[in-house]
Amino acid sequence: MLFNSSEFVIFFATLFALYYFIFKEKTKSQNILLLVASYFFYACADWKLLPLLIAATLVYYGLGLAIFKTVGSRRATTLSTLGVVFGIAVLGYFKYTNFFISSFQTLFESLGLHTNWHTFKIIVPIGISFYTFRLLSYVIDISRGKYEPARDLVAFATYVAFFPCILSGPIDRPNTLIPQLQKKRIFDYALATDGLRQILWGMFKKMVIADNCAAMTGIGADYMNCSGSTLLLGTLLYTLQMYADFSGYTDMVIGVGKLLGFQLTKNFACPLFAQNIADYWRKWHISLTSWLTDYVFMPLNIKWRDWGNWGMALSIIITFVLIGSWHGASWTFVIFGLYHGLLYVPLILSGGMFKKTKIETGKWGFPKLKTLAKMLLTFFLVSFGLILFRADSLTQAWNYLGRIFSASLFAIPAISEMQDKLIMSFFIAILLLVDWVNRDKQHGLQMDNIKSSVVKWLIYFSLIVIIWAFGGSQERFIYFQF
Amino acid sequence: MHKFILKIAQFFLVCFCFIAIGFFLPPTPRAKTSLLFGEVRKDSLLKNVKTPRVIFVGDSNVSFGLNGQIIKDSLGIYPINTTIHFSIGLQYMFKHTLPYIKSGDVVILPLIYGFYLDTYDKTSEELFRMVMDVDKNNLKYLNKEQILHLIPYIPKYALTKFDPFEYVGFINNKWYEVTSFNEFGDVTAHWNEGNQYVAPMPPMSGSINPAVINGIKEFEQEVVKKGGSVFLSYPCPQDATFRNSVDIINAIQQALEANFNVLGTPQRYIMPDSLLFNAPYHLNKKGADRRTKLLIEDWKLVKR
Numbered sequence: 001m002l003f004n005s006s007e008f009v010i011f012f013a014t015l016f017a018l019y020y021f022i023f024k025e026k027t028k029s030q031n032i033l034l035l036v037a038s039y040f041f042y043a044c045a046d047w048k049l050l051p052l053l054i055a056a057t058l059v060y061y062g063l064g065l066a067i068f069k070t071v072g073s074r075r076a077t078t079l080s081t082l083g084v085v086f087g088i089a090v091l092g093y094f095k096y097t098n099f100f101i102s103s104f105q106t107l108f109e110s111l112g113l114h115t116n117w118h119t120f121k122i123i124v125p126i127g128i129s130f131y132t133f134r135l136l137s138y139v140i141d142i143s144r145g146k147y148e149p150a151r152d153l154v155a156f157a158t159y160v161a162f163f164p165c166i167l168s169g170p171i172d173r174p175n176t177l178i179p180q181l182q183k184k185r186i187f188d189y190a191l192a193t194d195g196l197r198q199i200l201w202g203m204f205k206k207m208v209i210a211d212n213c214a215a216m217t218g219i220g221a222d223y224m225n226c227s228g229s230t231l232l233l234g235t236l237l238y239t240l241q242m243y244a245d246f247s248g249y250t251d252m253v254i255g256v257g258k259l260l261g262f263q264l265t266k267n268f269a270c271p272l273f274a275q276n277i278a279d280y281w282r283k284w285h286i287s288l289t290s291w292l293t294d295y296v297f298m299p300l301n302i303k304w305r306d307w308g309n310w311g312m313a314l315s316i317i318i319t320f321v322l323i324g325s326w327h328g329a330s331w332t333f334v335i336f337g338l339y340h341g342l343l344y345v346p347l348i349l350s351g352g353m354f355k356k357t358k359i360e361t362g363k364w365g366f367p368k369l370k371t372l373a374k375m376l377l378t379f380f381l382v383s384f385g386l387i388l389f390r391a392d393s394l395t396q397a398w399n400y401l402g403r404i405f406s407a408s409l410f411a412i413p414a415i416s417e418m419q420d421k422l423i424m425s426f427f428i429a430i431l432l433l434v435d436w437v438n439r440d441k442q443h444g445l446q447m448d449n450i451k452s453s454v455v456k457w458l459i460y461f462s463l464i465v466i467i468w469a470f471g472g473s474q475e476r477f478i479y480f481q482f
Numbered sequence: 001m002h003k004f005i006l007k008i009a010q011f012f013l014v015c016f017c018f019i020a021i022g023f024f025l026p027p028t029p030r031a032k033t034s035l036l037f038g039e040v041r042k043d044s045l046l047k048n049v050k051t052p053r054v055i056f057v058g059d060s061n062v063s064f065g066l067n068g069q070i071i072k073d074s075l076g077i078y079p080i081n082t083t084i085h086f087s088i089g090l091q092y093m094f095k096h097t098l099p100y101i102k103s104g105d106v107v108i109l110p111l112i113y114g115f116y117l118d119t120y121d122k123t124s125e126e127l128f129r130m131v132m133d134v135d136k137n138n139l140k141y142l143n144k145e146q147i148l149h150l151i152p153y154i155p156k157y158a159l160t161k162f163d164p165f166e167y168v169g170f171i172n173n174k175w176y177e178v179t180s181f182n183e184f185g186d187v188t189a190h191w192n193e194g195n196q197y198v199a200p201m202p203p204m205s206g207s208i209n210p211a212v213i214n215g216i217k218e219f220e221q222e223v224v225k226k227g228g229s230v231f232l233s234y235p236c237p238q239d240a241t242f243r244n245s246v247d248i249i250n251a252i253q254q255a256l257e258a259n260f261n262v263l264g265t266p267q268r269y270i271m272p273d274s275l276l277f278n279a280p281y282h283l284n285k286k287g288a289d290r291r292t293k294l295l296i297e298d299w300k301l302v303k304r
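Going line by line, the protein sequences match chains A and B. Residue 1 is where the first sequence starts when you use my numbering, and the numbers rise one by one after that. Residue 1 is where the second sequence starts when you use my numbering, and the numbers rise one by one after that.
Do not take every clue at face value.
Heads up, simulated DSSO-like pairs for lysine-lysine below, C-alpha to C-alpha not over 27 Å straight-line [said to hold, decoys possible]: (1) Lys-48/A - Lys-303/A; (2) Lys-421/A - Lys-174/B; (3) Lys-303/B - Lys-3/B; (4) Lys-3/B - Lys-183/A; (5) Lys-24/A - Lys-50/B; (6) Lys-225/B - Lys-102/B; (7) Lys-266/A - Lys-451/A; (8) Lys-293/B - Lys-50/B; (9) Lys-456/A - Lys-72/B; (10) Lys-451/A - Lys-7/B; (11) Lys-7/B - Lys-24/A; (12) Lys-50/B - Lys-441/A; (13) Lys-356/A - Lys-303/A; (14) Lys-102/B - Lys-456/A; (15) Lys-174/B - Lys-161/B; (16) Lys-3/B - Lys-184/A; (17) Lys-368/A - Lys-184/A.
Hints were generated in silico from the structure; no laboratory data involved. In this text, all values refer to a predicted model and were calculated from it rather than measured experimentally.
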């Protein structure tokens with residue numbers, strides 16, 4: 001059930017009516033309703049693996065209570081370690097078993113050793129990477145004494161399975177969402193209308209930018225027959241597609257959350273305007289990056305602090321290899337992570353890693369040339385990383401790169417249906433302009449400074465017309481696969 | 001909450017009015033140049049060409065894969081290529097062709113393999129536009145389910161009426177225009193163009209839809225009632241595309257030979273890349289000539 005589908009509209013309209021009219025101001029009942037709706041939503045995507053989600057919820061609920069009872073003792077440490085190992089083991093089994101089997105098989109065969117191993121038919125549960133990270137942070141933070149466990153099982157289960165975030169995040173921390181689930185929620189007009197605006201902006205990003213870019217970046221198997229310039233254009237457009245797809249999805253998620261009275265974690269902060277790679281990762285998929293910073297990078301960095309910058313570089317490389325691997329069980333993702341980790345090294349050595357970047361603007365509010373150059377460089381670096389991200393194999397990524405940097409790089413890119421592409425460029429320009437103007441706000445359509453309701457409604461209707469008339473064919477969200 | 005519901009209602013009311021206006025506006029100039037409007041001329045051929053004649057019904061593998069002039073010269077009968085687009089669906093194609101069938105007509109169906117695995121009463125944006133833009137009378141050829149399935153296309157269709165590029169400055173693809181067809185209904189606009197790279201289609205999955213076989217049988221019975229005859233033929237797939245789905249194609253061949261009069265075999269119509277134009281079933285001039293000659297040979301064999 002995609003957020004931009006008619007099925008979801010019916011599902012959500014029913015939920016909304018029940019939530020605010022039947023269960024009005026009854027927190028417990030509202031939570032039960034949300035839990036049932038969340039399980040229904042998950043079951044629509046993959047009902048066979050719903051028991052796994054429920055079992056994991058019960059295990060971690062119990063673990064949280066047990067850890068809290070003995071917090072500060074060795075038993076608490078053992079239990080939290082058990083929780084982490086269990087979570088990683090489940091995630092590892094579903095996501096990485098076949099990857100390890102085939103990798104070891106290749107290794108042994110390259111050494112001349114014959115193996116008779118077979119990969120398994122394992123269905124990866126949808127959203128497992130997202131809800132496992134929620135559960136892991138829950139037990140780790142309780143053992144660290146950061147907060148008390150949730151005693152209300154319904155609230156905890158709703159936190160784990162909360163339908164807007166279950167499939168692709170954001171990875172809300174327990175102390176962000178559980179307290180909101182425990183307090184009384186009444187309809188908030190301003191929050192709800194802001195949520196609708198954010199959904200509308202998310203739909204524009206997803207349906208107009210991402211889905212149309214998908215038609216242009218789907219170079220597929222025949223990439224060796226495309227010119228270098230066409231592939232380069234496809235590479236740059238894929239970066240835009242990826243951003244519009246994932247941030248569009250997140251805008252819809254946060255908007256849906258607002259309609260139900262929740263403030264979910266912000267996941268994007270205009271990463272296309274990042275001025276270096278550290279800045280980019282502070283703005284891209286923030287909930288994942290901050291999760292790994294807190295639970296992987298910081299502990300490693302503290303452990304290796306005596307090694308100075310090299311210790312930090314090693315910590316960051318390990319963190320990024322994990323970020324890459326989190327996306328999927330493939331060497332392309334591992335190398336994608338390594339690539340980003342290595343891009344950090346010059347920043348660490350020059351002491352620029354933690355420096356907050358400031359956007360310097362000129363006369364018309366546009367970035368100064370130096371700032372723009374940094375943004376473009378970061379954009380290109382990220383785009384080249386995404387070649388690894390979307391490639392089926394390292395060989396394909398290498399050949400793709402080789403094809404880009406061939407003599408045909410200077411050929412005119414093969415662009416069919418030029419007029420449609422011109423319209424697309426116009427919409428991309430709108431996206432960038434709106435993002436730029438609202439870069440310090442929560443989302444692109446946060447219109448605090450527009451007082452005229454006529455102007456506001458004109459903007460809404462223009463967007464609706466654009467979405468309906470120019471929306472591409474409905475593509476799955478890229479991050480659903482993770 | 002009251003205010004919120006009221007605003008939402010207002011919002012949808014305005015949207016509804018907008019869509020209603022767009023829906024009833026006439027087709028845009030851009031839409032009028034679409035290949036779908038080729039149906040008007042093809043209908044005129046069906047109506048006016050005298051027997052003996054051979055009528056081709058199907059998808060773009062026929063419009064991009066036939067040279068009617070060769071048929072006319074070698075067999076002395078007038079070919080009418082009614083084919084336009086796969087997405088229009090068999091049900092519509094058959095219902096739309098039947099009223100024009102005359103005694104003595106030969107109808108050949110060289111359908112792309114995907115048809116046999118697909119739904120019989122297909123719906124698509126192309127079908128929607130065939131009804132809304134080309135001729136609203138075409139609505140009578142659709143069943144209730146199709147009409148219901150076409151409703152979701154209304155908002156997008158209506159809102160394109162407000163797109164300025166639908167009126168000025170539009171550039172269509174010259175191979176997919178109303179003017180791309182010759183006097184027999186074959187697409188010839190690409191005959192002087194160079195070949196494009198054609199990626200093979202992935203393996204087909206699924207099984208033969210009995211509703212499609214029954215639909216063809218019903219069509220055949222209706223044609224026979226009117227004094228005509230129906231033959232099935234095979235499409236002209238790219239070599240690699242054929243190899244990707246050879247098992248399913250064999251199953252389709254068996255099903256067709258068991259139920260219908262069939263011309264040739266699937267293997268005869270496999271095309272090398274050099275005879276393709278821009279898609280695994282779209283042929284260039286040489287390809288169209290070769291396919292036409294093969295079809296004539298198979299036809300002569302049956303006639304003997």
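A quick look at each hint next to the structure:
Between the alpha carbons of Lys-48/A and Lys-303/A the distance comes to roughly 42 Å, so the proposed pair goes past 27 Å and is violated. Simply put, Lys-421/A and Lys-174/B have alpha-carbon atoms about 17 Å apart, close enough for the 27 Å limit, and the pair holds. The hinted pair formed by Lys-303/B and Lys-3/B fails the criterion: a straight-line CA distance of about 76 Å is larger than 27 Å. About 24 Å separates the Cα atoms of Lys-3/B and Lys-183/A, which keeps this hinted pair within 27 Å; it holds.
Between Lys-24/A and Lys-50/B the CA atoms are separated by roughly 73 Å; this puts the pair beyond 27 Å, and the hint is violated. Distance hint between Lys-225/B and Lys-102/B is fulfilled; the C-alpha atoms sit about 10 Å from each other, no more than 27 Å. Between the alpha carbons of Lys-266/A and Lys-451/A the distance comes to roughly 25 Å, so the proposed pair stays at or under 27 Å and holds. Under the criterion of a C-alpha separation no larger than 27 Å, the hint pairing Lys-293/B with Lys-50/B is consistent with the structure, at around 23 Å.
Taking the CA atoms of Lys-456/A and Lys-72/B, the gap is near 63 Å; set against the 27 Å cutoff, the hint is violated. Restraint check for Lys-451/A and Lys-7/B: the C-alpha separation of about 17 Å stays at or below 27 Å, so the hint holds. Restraint check for Lys-7/B and Lys-24/A: satisfied, since their Cα atoms lie roughly 20 Å apart, inside the 27 Å limit. With a CA separation close to 71 Å, the supplied pair Lys-50/B and Lys-441/A exceeds the 27 Å bound.
Between Lys-356/A and Lys-303/A the alpha-carbon distance is near 24 Å, which keeps this suggested pair within the 27 Å criterion. Straight-line distance between C-alpha atoms of Lys-102/B and Lys-456/A comes to about 60 Å, which puts the hinted pair past the 27 Å bound. Between Lys-174/B and Lys-161/B the alpha-carbon distance is near 22 Å, which keeps this suggested pair within the 27 Å criterion. With a C-alpha separation of about 21 Å, the suggested pairing of Lys-3/B with Lys-184/A holds against the 27 Å cut-off.
For the proposed pair Lys-368/A and Lys-184/A, the alpha carbon gap of about 47 Å is over 27 Å, so the pair is violated.
The structure is inconsistent with the numbered hints 1, 3, 5, 9, 12, 14, 17, although it conforms to all the rest.
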